[in-house]
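Below are the chains, spelled out letter by letter.
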Amino acid sequence: MTSHQHLDRARAPAAATARDAAIRRMSRINRLVAGGAAVMVAGFATLAAQASSGGTSTASPATTPATVSATSSSDTSASQASSDQTTVPAAPAVTYQAPVVTSGGS
Amino acid sequence: VSPAVAAWRALGTTAQVVVTDDAALPAARHAVERELAAIDLACSRFREDAEIARVHAGAGAPVPVGPLLLQAVEVALDAARRSEGRVDPTIGAAVIRAGYDRDFAALPPDAPARAFVPAAGWRTVRVDHAAGTIAVPAGVRLDLGATAKALAADRAAAAAALAIAPHGVLVSLGGDVAVAGPVPDEGWPVGIADGHRDREVATTVALRGGGLATSSTTQRRWRRGGGEVHHILDPRTGAPVPVIWRTVSVAASSCVEANTASTAAIVLGATAPAWLWRTRLPARLVRHDGAVVGTCGWAPVAGAA
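For the record, the sequence lines run as chains A and F. According to the working numbering, the stretch in the first sequence is residues 1 to 106, in order. According to the working numbering, the stretch in the second sequence is residues 1 to 305, in order.
Some hints could be false.
Derived DEER-like restraints, expressed as beta-carbon distance ranges [said to hold, decoys possible]:
#1 A:A14 - F:P112: 45 to 55 Å
#2 A:A98 - F:A37: 22 to 32 Å
#3 A:A14 - F:A23: 29 to 39 Å
#4 F:V117 - A:A22: 40 to 50 Å
#5 F:A113 - A:A18: 47 to 57 Å
Rather than coming from a laboratory, the hints here were simulated on the basis of the structure. Ideal Cβ positions, reconstructed from N, Cα and C, are used throughout, including at glycine.
So that you can see chain A by itself, here it is in the shape it has in the complex (with noise of 0.2 Å):
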């Protein structure tokens, strides 16, 4: 097969390309990668200066810590750390709906 039929193949039929184009939009994955990549790159370099600084690598932050717990009970809705509410969800919070799927690693 030449290079030539190829790309014929690879091009798609308009209504193909206007499906597609729907559903990026809907998935949003176009925007994440303008505007996640930031904030994750960012975090790496943070992790990296707390390394040549001799800080704790694995601490939070002072002002957000984590917690560390197996017997906690309540709802997790409340705090949300970003304000970037346009790549940065809200925590999901606790409920106590039968699920309708589960994520347990894949």
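Got chain A sorted already, so can you dock chain F onto it with the hints?
Using the frame of chain A, we list chain F on its own:
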């Protein structure tokens, strides 16, 4: 929520689609099946007819690809950049070397041990978006596994929501969850398993948008050289990462972002909570001894021990 649910096998895992209107279920499932079939044909490393196999055969030459594989590789490279290489699509050869060389269900009970090999490095992949081409060096194998499945969840949820508007939908691919369209008043209830007892729900949360992913060192384990290995490899060494966390669950504005963060956190190990705080992502981490760490408002809850 009084949901209607359909479940079937796809992409080597269980696909589930959930809607709140029974009548919308067939159309939602059809849209999801269509997206998953397209992703599988573009990205599967277990299919000789997959489009990605042509990229590998190119041995360094730019290979024209369709828009879906182009997006999947761009998303994978973006995940690598965001995670500073902790989630690296060039891990394919290392995964094969570690023994995960066929569909997981077909793996033998044990296999001889072989030395681990590091990933080639995501910067070796060349994407020309305008030309629609991808080039990977000879011998490099892309494994889009994590990000492509998450992308499939995001795309499938969006496609289904478009198909059944104005209703909303939840799509789960082996626990990689994406939602799209209107959300039920109470949110979508998603159980979180902590990996201690297979798939047993430790807590349930209400998801109101975006995606949620859980990465685990307790799932997809196999035997190699008489010992057990798991599927999350450190790209720098090609070896399974030390088990600091047995599961990490992350909520984000898409399943791709959630999966990238949950996988990166497993690879990071002890520094993962600090990184998740800095990245401002709500996460639930279950340590190897069962202790639970929450970040960004996701506090530990009962039953996680």
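Hints, verified against the model:
1. Between A14 of chain A and P112 of chain F the beta carbons are some 52 Å apart, a value that agrees with the proposed interval 45 to 55 Å.
2. One distance hint, 22 to 32 Å for the beta-carbon pair A98 of chain A and A37 of chain F, holds here, with the actual separation near 30 Å.
3. The beta-carbon spacing between A14 of chain A and A23 of chain F, approximately 30 Å, falls within the hinted interval of 29 to 39 Å.
4. In this structure, V117 of chain F and A22 of chain A meet the distance hint of 40 to 50 Å, their C-beta atoms being roughly 41 Å apart.
5. Evaluation of the 47 to 57 Å hint for A113 of chain F and A18 of chain A yields a pass: the beta carbon distance comes to about 51 Å.
Figure legend: structure checked against the earlier numbered hints; every hint is met.
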